[in-house]
Amino acid sequence: MEKETNSNNIQSIIFLKNKRLGALFIILALVMVVLFTQNLDAITQTTLNLTHASSSIMTNDLVLNSRQTIIVIAVIIGLAGIYQLIIGFRSKFTLVLGIVFLLFTFGFIVWSVSGSSINITGLLSVMVVRSIPLIIGAMAGILSERSGVVNIAIEGMMLSAAFTASVVASLTNLWVGLLVGILTGGLIAWIHATMCVKYKANNVISGTIINLFAIGITSYFSEKYIQSLDYAYLNNPGFFFPFEIPLFSKIPVIGPVFFNQNIFAYLMYILVIVLNFAIFQTKWGLRLRSVGEHPKAADTLGIKVNRTRTRAVILSGLIAGLGGSFFSIGSIGSFNEQMTAGRGFIALAAMIFGKWNPINAAGGGLLFGFAESISLKLAIFDVAIPSKILAMLPYVITIIVLGGVVGRNIGPAAGGQPYETESK
Amino acid sequence: MSEIVLELRGITKSFGNFKANDNINITLHKGEILALLGENGAGKTTLMNVLYGLYKPDQGEIYINGQKVNIQSPLDAINAGIGMVHQHFMLIPVFTVTENVMLGNEQVKYLDVLDRADTATRIRKLSDAYKLQINPDALVGDLSVGLQQRIEIIKLLYRDADILIMDEPSAVLTPKEVGELFLTVRSLVEEGKSIIFITHKLREVMEISNRICVIRAGKVVGEALTKDADVNRLAALMVGRPVDMNLTKSPLRAGKKVLEVENVSILGRQQKAEVNRVSFDVREGEIFGIAGVQGNGQTELVRALVGLIHPIEGRIKLLGEDITKASPRRITELGTAHIPEDRQADGLVLQSEVSDNLILNRYYLPPFAKKHLIQTNAINQNAAKLVESYDIRPRNPHVPVAKLSGGNQQKVIIARELSRPIKLVIAAQPTRGLDVGSIEYTQKRLLQLRDEGCAVLLVSTELDEIMQLSDRVGVMYRGSVIAIHNTSEIVKEDVGLLMAGVDLTNPQKVLTSQQLVDKSV
Amino acid sequence: MKKNFSMKSANNAIKIFFEEYSKTSSFYILAAIVLGFLFGAVLIILTTDAVYAGFRNSFWEGIQVSFRTMGKTLESIFVGAFGEPKRIISAFQNGDPQTIRIAINPFFESLTVSTPYIITALALTLAFRSGFLNIGAEGQVFMGGIAAVWVGFSTHSLPSIIHVPLTTFSGMLAGALWGAFPGWLKAKTGAHEVITGIMMNYIAVLFVDYMASGPLRDPAVFTPQTPPISEHAQFFRFFEPPIRFHIGFFIAIAMVPIVNFFLFKTIWGFELRQAGLNPQGAKNAGMNTTKLTIMSLALSGALAGLAGANEIQGISYFMNSLNFTSGYGRNAISLALIGGLQPVGAMIAALFFGFFTSASKFMSLRAGVPHHIIPVMQATIMFFIATPALIRTIFRVKKASSEETLITKVSI
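So the sequence lines, in the order shown, correspond to chains F, H and B. The working numbering numbers the first residue of the first sequence as 88 and each following residue consecutively. The working numbering numbers the first residue of the second sequence as 17 and each following residue consecutively. The working numbering numbers the first residue of the third sequence as 43 and each following residue consecutively.
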């Protein structure tokens with residue numbers, strides 16, 4: 088049976104819808120030309136420092152003429168807009184949008200630090216660090232949602248894991264702390280799974296309850312114990328130090344950015360690759376996706392829907408626990424109340440951005456990590472935009488992503504729907 | 017008679033106080049096609065779900081090849097050699113054919129890694145052996161319903177099932193596809209498989225089966241060899257009373273055009289054109305039927321006619337007013353009644369009371385609302401009146417509508433939609449899933465409306481219903497209306513061929529898309 | 043024999059009552075509250091050092107200390123919420139107005155603390171009934187607050203009769219707009235209002251921070267904060283200090299019948315409720331679900347904004363990042379659910395919660411129990427409300443047909 092496209096005029100109407108985005112590109116280009124070149128004379132330069140602070144290899148600085156660079160970027164974006172208007176990027180559209188976003192940001196950086204210099208590898212390195220909990224959280228989300236359970240409780244799982252990892256690592260060592268952090272995520276996920284799968288509670292409500300509980304219980308113990316001087320030793324875990332991966336870390340720019348990180352980053356790379364393979368190439372992955380898409384079909388083929396879901400959610404929690412441990416023992420070396428600050432939700436936005444696909448979601452996580460690192464970095468420079476407004480950037484981008492600039496992304500068909508086994 | 021492969025003894029299954037199966041005994045012989053005949057809600061599907069391990073019976077035993085078996089789950093059934101083609105296909109649209117077939121019984125290369133290539137080869141072999149023409153790499157969501165059903169059959173063959181249950185397999189097929197299905201079924205029997213064929217269509221029973229078992233209200237009420245069976249007697253057994261299979265229809269008195277559809281095209285969810293330059297009109301006092309297999313654009317067309325989605329091109333006029341971009345409310349206010357296809361999702365608010373559902377499209381008008389305030393008394397009076405006159409049971413209008421049976425839920429919708437002055441009725445699959453009594457009621461009501469001068473647009477996948485009720489019939493195929501005929505001037509078989517996209521002037525050929533556009537009427 | 047019989051029938055009567063009552067949704071809510079408090083008590087006992095010391099001595103002493111700990115906690119909650127009876131009596135005997143005010147202050151303070159919770163619980167009830175979890179209420183409270191501050195201090199020349207409502211309405215308007223945006227996104231793009239709402243919360247907090255340290259900063263004060271609002275924009279207070287009880291409480295109480303009337307007696311309420319239960323069916327019946335989505339979240343936002351304005355006009359008068367740590371929106375989710383999605387229920391839950399919160403500082407001081415015990419117990423109560431089947435298992439009651447719909451009846 089051949090799959091046919093219908094008459095041509097209908098095709099053209101479909102692509103009309105994306106004209107708006109072509110226009111958006113052109114507007115972005117104009118904004119760059121008009122705004123970003125205003126107070127720049129022809130000889131102002133922007134220096135991009137490409138040597139990582141802690142790296143032994145030296146790379147030459149990249150010195151750019153600020154105005155020319157901005158105009159070149161604006162022209163590229165403008166051309167992309169015209170191409171989109173006339174021909175259209177069709178399915179490559181998301182990729183193009185990402186590239187345009189990066190180019191625009193680059194132009195913005197060149198403008199912001201014109202006449203001065205900025206360390207690009209430093210910026211990218213912070214991007215990777217900041218994206219760790221987001222990407223790990225997105226993996227947790229994918230695992231749960233692919234099985235048909237909406238998991239907005241990742242935030243709570245992460246927060247609880249950050250707490251227990253910190254306390255246990257303070258009492259023993261970092262590795263035991265990490266293990267306990269992971270298990271904490273799994274335990275909370277077990278509660279979520281029980282509510283959603285066994286008791287058929289509304290997934291969003293269950294997640295909200297868990298998030299509230301996690302904030303309450305961690306803050307309770309925090310205030311009762313680790314904030315008082317008597318127990319201060321409970322919140323002094325230290326943290327995992329970055330180490331270089333031989334060979335890889337010698338690659339210019341990329342090496343120090345990606346391969347001079349701590350254990351969490353390396354676990355994250357492995358996780359993304361393994362999960363991507365497992366979901367799409369293994370028996371386990373096939374069954375996981377089937378219960379998220381059409382649980383009844385899976386049931387009629389002898390797959391235990393609720394058991395598969397419960398296990399997926401618990402595994403999701405273990406992964407979220409890993410991501411949560413990062414906040415305390417992978418980053419600052421202590422636990423603070425509500426330290427996850429909504430990263431669990433941003434992770435979900437990264438997941439949606441990546442269409443529930445691990446590799447793409449990791450890309451989304453890097454994007455949000457970049458937004459965070461840029462708002463941190465530019466706060467130092469005397470930019471026209473105040474730091475508190477810049478700090479909104481990740482949240483604003485999340486809303487834009489969810490608002491479907493990248494098109495309405497549709498998740499697993501049975502997401503959030505409890506499955507009632509008919510064997511009664 | 018050959019050996020008995022399956023025996024059900026004394027199967028009883030209740031849901032609350034309702035006995036869906038009451039002490040049912042059935043035997044199936046090797047290489048036999050047993051037809052399980054009964055109307056909707058008689059308990060056929062429940063029985064088969066018991067056999068397939070989806071329901072646990074309250075009482076009764078199952079024997080396979082003389083051995084008592086304990087079937088607790090579908091997995092047990094599959095292991096016992098039982099396979100089932102469900103009425104609603106159990107396929108995952110975003111998976112490939114291979115993935116759908118292998119699911120639950122996966123072949124792995126090593127560790128847990130799927131061996132897709134090997135499974136695909138097996139599927140090709142099975143497909144060739146039974147002439148099923150299945151491409152293992154296709155995405156299931158892109159395939160036609162007929163092909164999807166063949167995937168369901170391959171799923172069973174892949175699992176070496178010997179006893180095949182087919183639940184209403186012809187309901188979603190064109191007559192041509194039904195013919196092909198019957199060929200497949202016969203070749204399966206030749207290979208030594210035994211088949212239980214569930215249906216409520218007498219004609220099919222007579223054509224395909226060796227033996228017939230009639231079920232009514234959860235009980236076996238008759239058994240016969242097909243060659244000895246008599247159609248009228250079977251019908252009476254099935255329904256429990258003599259049935260008048262012919263509706264009396266008064267002569268047509270068509271008036272002026274009420275609904276005019278010109279060149280309408282509609283985009284579906286996946287940005288695919290679901291409706292392709294469709295034109296037709298419906299006049300006062302006639303029933304215009306739209307025939308077609310499910311999924312050929314009827315759903316989208318109806319949604320556009322009632323204003324839920326808007327066409328990307330073309331015009332729709334109601335009583336001369338352009339309603340192409342009108343809101344559902346405007347269209348309702350112009351006198352359109354809509355009996356939606358999915359009555360639970362579109363027609364009702366299940367958790368709300370019957371009384372609220374009865375005013376769902378008029379709550380803002382007097383007497384139900386005055387100065388934006390809800391008038392509880394008027395709503396209750398209206399509910400009491402309608403519950404009585406439309407015989408909605410239970411008579412209490414303050415129960416949530418979810419607690420009503422399917423037939424009574426449909427009555428709530430009919431009562432709401434027809435208890436006000438209307439010019440046009442759009443009825444989409446109005447009898448689907450209803451019992452015979454409710455079907456009769458609904459069909460008579462539609463005819464009555466026609467005789468009162470209403471324009472009726474009837475969208476149905478039931479060819480018999482279309483032929484009996486409508487004055488003119490338009491056939492939809494892949495989003496186009498490929499032919500419009502007076503019902504009196506075309507035979508049912510030709511409509512069936514049209515539903516399969518066969519060009520009547522050249523029956524060897526199925527219409528291509530370009531021809532569809534050219535042929536649009 | 044006869045006595046036995048009557049005992050049995052009395053037992054039966056209790057049993058029948060229990061079984062009948064257990065079919066109502068309020069049974070599940072009450073059972074959940076009981077279980078939530080039990081959990082809180084266990085947590086408090088487990089985190090009290092004295093209990094462990096007691097158990098080290100003997101099992102019996104451990105039990106005694108546990109009960110003593112609970113008794114102390116409960117007593118501190120009561121005193122914190124209502125005041126110390128002895129002190130009130132002696133104050134009235136003494137007759138000094140200032141002493142009396144100090145003695146009765148806890149009770150009025152509890153009412154004052156409850157006020158924003160009542161309003162936000164109503165906001166969430168309205169949204170839930172329309173099928174939305176307005177988790178963004180938190181940000182809407184902040185936006186309502188900053189708008190009220192801005193309008194409140196911008197002019198000092200308006201008379202109170204105009205300036206007070208003007209300030210309140212601007213808070214409501216800001217909340218409504220902040221709520222309408224996720225509603226608009228939801229209606230137009232399908233973006234889930236929960237995640238966008240949470241993002242809007244973070245943005246609102248940062249925005250308020252920015253305003254208080256930038257454009258709206260009071261140059262006269264060293265710490266970044268806004269100037270105080272005009273005296274003409276402040277709510278009327280009924281007593282001299284230290285009692286802060288103000289007219290906002292009665293505004294909140296007045297909102298209860300208003301929301302109830304709106305939901306159950308007007309056609310808009312009818313539309314919202316039907317669309318909340320089945321948006322697709324509502325759309326098919328001619329309701330404009332896009333408009334309804336935006337309207338419900340905007341109205342919910344307006345109420346949340348009112349809560350923010352109430353805090354500014356009644357209590358704090360100015361805003362900085364420290365004096366306005368609300369939590370009203372976050373807590374309101376559970377209050378609306380515990381209130382059974384009924385306005386009156388929401389009010390009762392909010393009063394209960396407000397008294398508890400008001401007492402928590404005292405509890406923290408006297409019994410050493412951190413106030414974070416409250417969200418823990420809230421979460422536990424909601425956990426049991428969301429899983430009626432679990433309550434049935436615990437209380438061994440049979441499944442009734444109607445209770446499952448308690449929470450799942452809204453199509454969130």
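Any given hint might turn out to be false.
Keeping only pairs whose Cα atoms sit at most 27 Å apart, straight-line, the calculated BS3-like set for lysine-lysine is [said to hold, decoys possible]: (1) H:LYS419 <-> B:LYS333; (2) H:LYS419 <-> F:LYS285; (3) F:LYS370 <-> H:LYS333; (4) H:LYS341 <-> B:LYS333.
Because the hints were derived from the structure by calculation, they are not lab data.
Can you list which hints this structure breaks, lowest number first?
Violated: hints 1 and 3.
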